[in-house]
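Enquirer: Protein chains in written order, with my numbering: chain A, 7 to 448; chain B, 7 to 448; chain C, 7 to 448.
Quick caveat, the hints were computed from the structure, so don't treat them as lab data. Careful: at least some of the hints might be erroneous.
Because identical chains share one entry, a pair is satisfied inside a single copy or across any pair of copies.
Unchecked claim - Here are the simulated PhoX-like cross-link-like pairs (lysine-lysine), alpha carbons at most 20 Å apart as the crow flies:
1. K208 / K175
2. K210 / K175
3. K275 / K172
4. K205 / K409
5. K36 / K372
6. K275 / K16
None of these values were measured; they are calculated from a predicted model.
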Amino acid sequence: MPLSENLSFKILGVIQIVNIICYALFTTYKEEEVGAASEGSSETSNTISHYYPFFQDVHVMIFIGFGFLMTFMYRYSFSSVGYNFLLSALTIQQSILILGFFHALFDNKWEKIEMDITSLINADFAAGAVLISFGALLGKVSLCQLLLMVPLELVFYAVNESIGAKQFKAVDMGGSMFVHAFGAYFGLAVSYVISSKEKIGKAKSKFLSTKESDLFAMIGTLFLFVFWPSFNGALADGNSQHRVVINTVLSLTNSCLSAFVVSKLLRGKFDMVDIQNATLAGGVAVGSSADMVIGPYAALIVGAIAGVASVCGYVHLTPMLERRFGLHDTCGVHNLHGIPGVIGGIVGAISAAAASGTVYGEDITKVFEAMEDRTALEQGGFQFAALAVTLGIAIVGGLFTGKICTFFEDSEEYADDEGQWEIPEESATKEETRKVEIDVGL
Amino acid sequence: MPLSENLSFKILGVIQIVNIICYALFTTYKEEEVGAASEGSSETSNTISHYYPFFQDVHVMIFIGFGFLMTFMYRYSFSSVGYNFLLSALTIQQSILILGFFHALFDNKWEKIEMDITSLINADFAAGAVLISFGALLGKVSLCQLLLMVPLELVFYAVNESIGAKQFKAVDMGGSMFVHAFGAYFGLAVSYVISSKEKIGKAKSKFLSTKESDLFAMIGTLFLFVFWPSFNGALADGNSQHRVVINTVLSLTNSCLSAFVVSKLLRGKFDMVDIQNATLAGGVAVGSSADMVIGPYAALIVGAIAGVASVCGYVHLTPMLERRFGLHDTCGVHNLHGIPGVIGGIVGAISAAAASGTVYGEDITKVFEAMEDRTALEQGGFQFAALAVTLGIAIVGGLFTGKICTFFEDSEEYADDEGQWEIPEESATKEETRKVEIDVGL
Amino acid sequence: MPLSENLSFKILGVIQIVNIICYALFTTYKEEEVGAASEGSSETSNTISHYYPFFQDVHVMIFIGFGFLMTFMYRYSFSSVGYNFLLSALTIQQSILILGFFHALFDNKWEKIEMDITSLINADFAAGAVLISFGALLGKVSLCQLLLMVPLELVFYAVNESIGAKQFKAVDMGGSMFVHAFGAYFGLAVSYVISSKEKIGKAKSKFLSTKESDLFAMIGTLFLFVFWPSFNGALADGNSQHRVVINTVLSLTNSCLSAFVVSKLLRGKFDMVDIQNATLAGGVAVGSSADMVIGPYAALIVGAIAGVASVCGYVHLTPMLERRFGLHDTCGVHNLHGIPGVIGGIVGAISAAAASGTVYGEDITKVFEAMEDRTALEQGGFQFAALAVTLGIAIVGGLFTGKICTFFEDSEEYADDEGQWEIPEESATKEETRKVEIDVGL
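Chain A on its own, in the form it takes in the complex (with noise of 0.2 Å):
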């Protein structure tokens, strides 16, 4: 008999008791060097003031991009955004304590996690890839499921951020591999061994969204398109940080051209979930080699390349995936984050693999740290296995996890918001006045 709704979520206070002690023991501040400041009193951290904006940045996406993103399911948007909320501060808490773990272990050293923005950064990072995983999963997963999988996949997010960026020195400034890819992947392997057929095909109309819950999604859709080019810089610097956002944005712009364009000629008619997500995988593509002296030029060429992939594959692929494999994914993940994540993956190793010291000058050991000793067609290899382990502990993580979400109790009734919240009174009205005009008129 699988473990109890209830009892399961009281474990969740437990979780905040553990981390409180795990903080007590484990975590420190980090002191830094502040420059006094030009003007008298006010001293300057050189850190808040160099990352702060951009930390800012990334929690607007976090909470309110993927939380706003996931409402457009209006019979589950309190569970959307409130999920998405509860999620995001549970990883922020989790993932400092586990990605200090794991660093601590590849690096083989063992002091006190020194907090700083950048560790908030990380974790904001973090939380990425487990919304990306709860978008597969949207609707059709308990809350106890869930909270069971924050430290699960937490471990897995680890173990291949510490081999692809500490072992193998791959570049991957915006995530596409390390937060895309792997949360796409991880979350739709979930989705595969947890999702009821006959429970989707029974709410089959609960996964709809209506006006008004589209244009709540296309707040998060909004925000995530204004602040991308931060979550890819966040943690570059100097010229770097420069072409990321150059090109951040103008991947971006192009996708979202390439959404509108295939949007129309594939269906006829715009279709909102093609403006809410696809618009948005320029940024995903562009992910690993933003950083990179790709030109201007090329960073429109990823953005078109993944808008157009991203709008075939809500039109053609995901069906395709639910009616073949039976692979359900809710929000799509596949098309926004898995296909463009992969393709990010390969221009970054791609771009690595062309870049020369005449570009880049003495800025190529910046970029690519491990250049110092490496051929550029090295750093390519070393790109490439990067993507191919991401995709390996994402897949069998995924598959593992799900297995071990199927011993508790999973959702009775999929994509509604009935069971587990309060719902005012007046949209329940609005519901059963639609009944009686039907028995009433029609």
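Since the structure of chain A is provided, determine the placement of chains B and C on it from the hints.
Expert: Showing chains B and C alone in chain A's frame:
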């Protein structure tokens, strides 16, 4: 006979003229040292580059955060977001003058008010206090009463802040006491005087939310959540600011978790009122101590306690206060700002009393200016005194202001936009529709 | 026979390809001096740390501010927010090329366009002008006409800006003239040519808002309000930027107050159209003079006047223009951008003419570059000339562009998403529901 709504509204025009004259007589731009930046032509303004991103975040909290948080009452949503807008704009204008006057009075330095960006940040803080008070009164107060309340509240606010910060030299970086507790108890006192039990009863159903209006409110919640570190840290610098950000983020994540846990435990289901409000209690409660070296784990503890207390307040205390004492609190500001504000004041006092030179190093006089010639224990005492004075001035000031408000025309119908706003026809139709159906079908 | 919507849409794909080629040939990254920051490893990019927060704020204004402001038409809300998205992305891409071309032409310096973050800010400004024009046309223009309008408008925009800023050396920091007045009169001229009185009449009710769509629009209003100082000050520096922020915030607070006062006085009740738009008029009107030492009180006066003028425009002028001249202005851009833009231009000219070395000190040539060898009065004259030229080019350019648009298929049904967008079924049901009821009950 009370002054009529229409007459008194024209007074707002007069206020505008008076303000223009006062600004002409008493304000000027602050000239600042600008450091020539390294890149030739462009000079960098120190105050702008240091404070501007924080100012903008706080500005978003005031206008969007508070504005949308209050839209949960569907039938009063135009008034909520509209009056929030109007009151904030008015407060920014007036508080610069009123705070300037009282600071001159307490410092006995009569010069023109030199405006810079910190003036605007302080004005936004004052707006925060006013909006918190507004939250207690939402739906039950006429606009002319609100317009009267603003200058009166600002006078009490300025007096309290001058006593606490200038006389007692109490530290309250995030405004737990001077903004949150003050705003909450002031608003509750006004509400105690002016709320009509009978009118509340008649409008009972209008105080409720719809599913859409709850989603609009979540926009407010999430922006408040994301930008809260900027509120607590806007005027901090160096290492202090660094700690504020970390402490505030951690505290908020934990009040978010607590809110979910306790909402479920106490109610059986999640309730949006808890998720919209209690999740933020950690930001309030860590306010006073956010810049102190309390340790990341302590921030987590503060957040957890505040979240628990806040949900308990919504579930048990607010209904009890209304039943027993006729104290109606529309947004439950007592639970989000009152109790957590008091908790924050107490935590600040204890942390100050426990502060030691060993932990802070040279930083100690940067955090506690007065500890050049005060012991930690004395500082703790002054922190407590500031909290007590805040509660006293807020309650007395609120009762006085409420009394004055009764001389002005009050709101005829509670929680209804119709009296003051042009309402789109379609929404009106929707209302009628529902009634028709009930006649026909149910 | 006009070109068909479907054919011309495919042209967007062609535009993408042309743009990629142009970017490959004509653009490159700007290399910038980076100063090694004091904290060892991390270098700070001067342009990024200086401009990035401002860029992001302006980016939010373009995509979220304008995008949601236009959603007030419930039945056209997908098109409003969707086309706003598409047009902005397209304008950013194209304006970099077109502005680059005209700047090269006027400076007679033919080099590759060096892209840095100020290129993106200027592109966002150009997007502002395009979106303002779109506001006049909302609901009455086909997408192929819009796609045609963008490059044409950008050419006129670039010519006007080059004449005003480069030839006349007029100062227009916040774009009162070059962005707001230009965009408004250009859009009105296009509207004059292409709007069909008959179709407007038929779609009358579709131009209206619902309560929800008005709340969505308020998201736009409030983000525009909050970030307007960034728009006006993005490219300013040092003390100038400091003054821009203070002047813009003050002016906006007062246009907000004026909008409330006058809306009530003229209509008896508040109308959302005034609150959503006229509140912002102060930001437009103070644009040209925001970096000048006009005095805080003068900023308040400008804001008050702009707010009053704007509401009067909505109440009296817009209906009159439609009745008398058949000039239909969907969003009332004449009242929010046209009139306040002209006021801004005039205030800028007067302020320039009154500028004296005593007040500005050494700053004077930083604000007015040309005043090295010009008197203040001459500068004022050139400011006026720039305003006149702006109006001339906008109106002639708009009439010309409107004429060209008539060769393309126009919008069959006005103010209706149904023709171009997949509409969620549930919303459709809601429509039917209402009809059914009317049959049954009323």
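Enquirer: Hint by hint, say whether it matches the structure.
Expert: Quick rundown of the hints versus the structure:
Taking the closest pair of Cα atoms, K208 and K175 never come within 20 Å of each other, the shortest separation being 47 Å inside a single copy and 64 Å across copies. Taking identical chains as interchangeable, the C-alpha atoms of K210 and K175 are never at most 20 Å apart, the minima being 45 Å within one chain and 62 Å between chains. Taking identical chains as interchangeable, the C-alpha atoms of K275 and K172 are never at most 20 Å apart, the minima being 46 Å within one chain and 44 Å between chains. Proximity of K205 and K409 under a CA criterion of 20 Å is satisfied intra-copy only: 18 Å inside one chain copy versus 56 Å between copies.
In this homomeric assembly, K36 and K372 come within 20 Å of each other (Cα to Cα) only across copies, at 18 Å, whereas the closest approach inside a single copy is 24 Å. When the C-alpha separation of K275 and K16 is checked against a cutoff of 20 Å, the pair qualifies only between copies, where the shortest distance is 13 Å, while the shortest distance within a copy is 47 Å.
In terms of the numbered hints stated before, the structure departs from hints 1, 2, 3, listed from lowest to highest.
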